[in-house]
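Colleague: If you read the sequences in order, they're chains A and B.
Heads up: the first sequence begins at 1 in this note's numbering, then just goes up one per residue.
Heads up: the second sequence begins at 1001 in this note's numbering, then just goes up one per residue.
Derived by calculation from the structure, the hints in this document are not laboratory data.
As the structure is a computational prediction, the values presented were derived from the model and not from experiment.
It cannot be assumed that every hint is accurate.
Calculated from the model, a selection of chain A residues having no Cβ within reach of chain B, i.e. all distances over 12 angstroms [as the list claims (entries may be wrong)]:
#1 Trp27
#2 Ala57
#3 Gly59
#4 Ser89
#5 Thr119
#6 Ile133
#7 Thr139
#8 Leu214
#9 Leu220
#10 Tyr221
#11 Ser223
#12 Gln226
#13 Val227
#14 Arg281
Derived lysine to any residue pairs resembling SDA-like cross-links, with alpha carbons at most 25 angstroms apart [as the list claims (entries may be wrong)]:
#15 B/Lys1116 <-> A/Leu209
#16 B/Lys1122 <-> A/Leu209
#17 B/Lys1120 <-> A/Ser223
#18 B/Lys1185 <-> B/Lys1122
Where a beta carbon is used, it is the ideal one built from N, C-alpha and C, also for glycine.
The lines below spell out each chain.
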Amino acid sequence: MALVNRAGERSSTPGETLTDRPPSHRWNWLLCAPALTILVLAASGPLLIVLVYSFLAPGSFGGVSWEVSLEGWFRVFFSRDIFDPEIVSLNRAHATIFWRSISLAFQTTVICAILGFPTAWFIATRPAGSREIWLFLITIPFWTNLLIRTFAIQEVIRNQGLINTILIQAGLVEAPLQMMYTDFAILLGMAYVFLPLMVLPLFAAMDKLDLRLLEAGYDLYASRWQVLKEIVFPLVKPGFIAGSILVFIPAIGAYVTPRLLGGGRNMMLGNLIELQFGQGRNWPLGAALALTLLIIVLVALVAYIRVINRQEVAQRG
Amino acid sequence: MGDRSGAAAGGQAAIETRDLTKVFGQGQAAFRALDRVTLTIEKGEFFTLLGPSGCGKTTLLRLIAGFEQPTAGDLLIDGKAVAGQGPNQRPVNTVFQNYALFPHMTVADNIGFGLKMLKKPKSEIAATTDAMLRLVKMTAMADRKPAAISGGQQQRVALARALAPRPRVLLLDEPLSALDLKLRKEMQGELKRLQLETGITFVFVTHDQEEALTMSDRIAVMAEGRILQLGSPAEIYNHPAERFVADFIGDTNFLDAEVTARNGRTVMVRLPGGAVRKASLPEGLAPAAGERVTIVIRPEHASLAPDRDGEGDLEGTVENTVFFGTDTHILLRLPGDTPFTLRRQNTGTATSPPEPGRTARIRVAEGGIQVLRA
């Protein structure tokens, strides 16, 4: 993966590294055993259960009945006519929901990148003392529950909320601007929730950036934009990749923010999956949908990294 | 001080500064890094700014490069005032102390970067890059990344990268300080060769006096933001004008002396022990007879006199001798408890060193005595 390549390049300077040490630390791996145990139990275990459930038939009152069935997977892509189950058509509703979620996650990632880049740059160029304060401020949203934060955003943008009250009082608008339950509200909420996940890895990458390289760029006749494009962007790319992954993957499954700020008019993937395990009482379909999401994310990730590595090769050539 | 003959010969100087001043910070915390520096660097010159860390040499270099803007004073590059111009507008390139090679680009791309930014045609960039790779003997490494080549090779790439756009002036910020001794010696020769081959004006910053003496056409010795002395290596070494310069460059004996007579640029001085000798004066100093001055005598300008009376010899007691391989240092004490070191070259003929406690006569070579300004 690109991330790994980068790290490898950096550490290729001579000198003793952890891996160069004599093999007297044969039991070192035990250090990560507790984390490994949790990962196996909390991630692989449930994943396996979901995989098994997706090939079973739904139980009448939720849960699963233990008979093998491909109906869950079938329903992900196709729908049956209510009156005649033999009439099969492509499940356009699911396709729309998948597309909507992916597109929202993509937009969220782009907005976070656009907002996060200058923010991270600002923090990275502060003197050592105030830098910690700025980083601390960036992490404050993590301190509060997601629901509470989302309701707080509602309070700001609803019709009788902070922004509209100010605008009306100032006489700038006559009727309140409809911001709640719009795509704008959803994107605002998503960007707010995920921005720190973009800023922190970008900051980490920028922090390592040797500012003398920028001076060298200016010295060699580069304009500000060229320094950004030729030196800064390529060197903070690992941070950008990490940030994009950290934002895109959770954003694709996000459902609290779209529902509360979007008013639940447009169903998201998260909502759809939740529905199958709740009122829908179709656990195999829910499991199959969840796995489809996982596969889409994996494919997108691999494609993304391939494209980026290819660009790198092209630049070198 | 220094020679300005080149400037008078017509054509602009490569670099000219007038009362160039740089103050960092404000009020109480203000730090005057550069204090009214006026100097002229000629075209094609290998010019060295020499001084200890914090003397302002790097600040002066950064002002010329355009990374900093002066607080006061004028700076001319190629006869044109460059006030307000950024580093990307000045026909000047820098070799950075840590090389600052772009880690994500190959050696060849690093070298071609400046030309690429200048929007030169691809064919020209490729041709110049090839020529530069040959010039610094790095053709075999063209496709490597900087992390995959050695420190000395990175140094050469940094040089090639800065030379590729053919700047009017090349600025070098202690470029050899990260190299080990052997490599540094090699690169000193290499730098000098590149400078002669390209004919580009080099402004070289260093705190290493030996580097400065071996490579430079002229040296400006700096301390506390000012230029203390400017001249050829031989001038600076043989005729230091100030105590700081004498002390910073080479080993020196400082002696108190009394002026007995003055005759133009030379004076007669009475040395400790009573001997009267001729000494040269620094510019701007005209001591009257009877005045006390400090003089310097380089250890290698003195020798042990054979045991017979010589006019103007010093007399001292041998304290110790230290063998250095190429030469032997003989430490003596003069009347008035003044220490004196004398350097005797090892010529291969075995002369036994004088025994400690013995009285020895010291003969100072003609022209080996210099009066200091302060």
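Colleague: Each hint: holds or not?
Modeller: Hints, verified against the model:
The Cβ of tryptophan 27 of chain A sits about 33 angstroms from the closest Cβ of chain B, beyond the 12 angstroms cut-off, so the non-interface label holds. Distance check for alanine 57 of chain A against chain B: the nearest CB is about 54 angstroms away, which clears 12 angstroms, and the non-interface claim stands. No beta-carbon of chain B is positioned within 12 angstroms of the beta-carbon of glycine 59 of chain A; the least distance is around 56 angstroms. Even its closest Cβ contact with chain B, about 51 angstroms, leaves serine 89 of chain A beyond 12 angstroms, as expected for a residue assigned away from the interface.
The Cβ of threonine 119 of chain A lies farther than 12 angstroms from every Cβ of chain B, with a closest approach of about 23 angstroms, so its non-interface assignment holds. No beta-carbon of chain B comes within 12 angstroms of the beta-carbon of isoleucine 133 of chain A; the shortest separation is about 22 angstroms. In this structure threonine 139 of chain A is separated from chain B by more than 12 angstroms, as the shortest Cβ-Cβ distance comes to about 29 angstroms. Its beta-carbon lying about 9 angstroms from the closest one in chain B, leucine 214 of chain A breaks the requirement of being farther than 12 angstroms from that chain.
At roughly 4 angstroms from the closest C-beta of chain B, the C-beta of leucine 220 of chain A falls inside 12 angstroms, breaking its exclusion from the interface. The claim that tyrosine 221 of chain A lies off the interface is violated: its Cβ sits roughly 4 angstroms from the closest Cβ of chain B, which falls inside the 12 angstroms cut-off. The non-interface label for serine 223 of chain A is inconsistent with chain B: the shortest C-beta to C-beta separation is roughly 6 angstroms, within 12 angstroms. Once the 12 angstroms rule is applied to beta carbons, glutamine 226 of chain A is inconsistent with being away from chain B; the minimum gap is 6 angstroms.
Against chain B, the non-interface label of valine 227 of chain A is violated: not every CB pair exceeds 12 angstroms, the least being about 9 angstroms. Arginine 281 of chain A, annotated as away from the interface, keeps every beta carbon of chain B farther than 12 angstroms; the closest lies near 54 angstroms. Restraint check: the Cα-Cα separation between lysine 1116 of chain B and leucine 209 of chain A comes to about 22 angstroms, which is no more than 25 angstroms; the hinted pair holds. Between lysine 1122 of chain B and leucine 209 of chain A the alpha-carbon distance is near 29 angstroms, which puts this suggested pair outside the 25 angstroms criterion.
Annotation: proposed proximity of lysine 1120 of chain B to serine 223 of chain A holds, straight-line Cα distance about 15 angstroms (limit 25 angstroms). Among the hinted pairs, lysine 1185 of chain B with lysine 1122 of chain B is inconsistent with the structure: their alpha-carbon atoms are about 36 angstroms apart, more than 25 angstroms.
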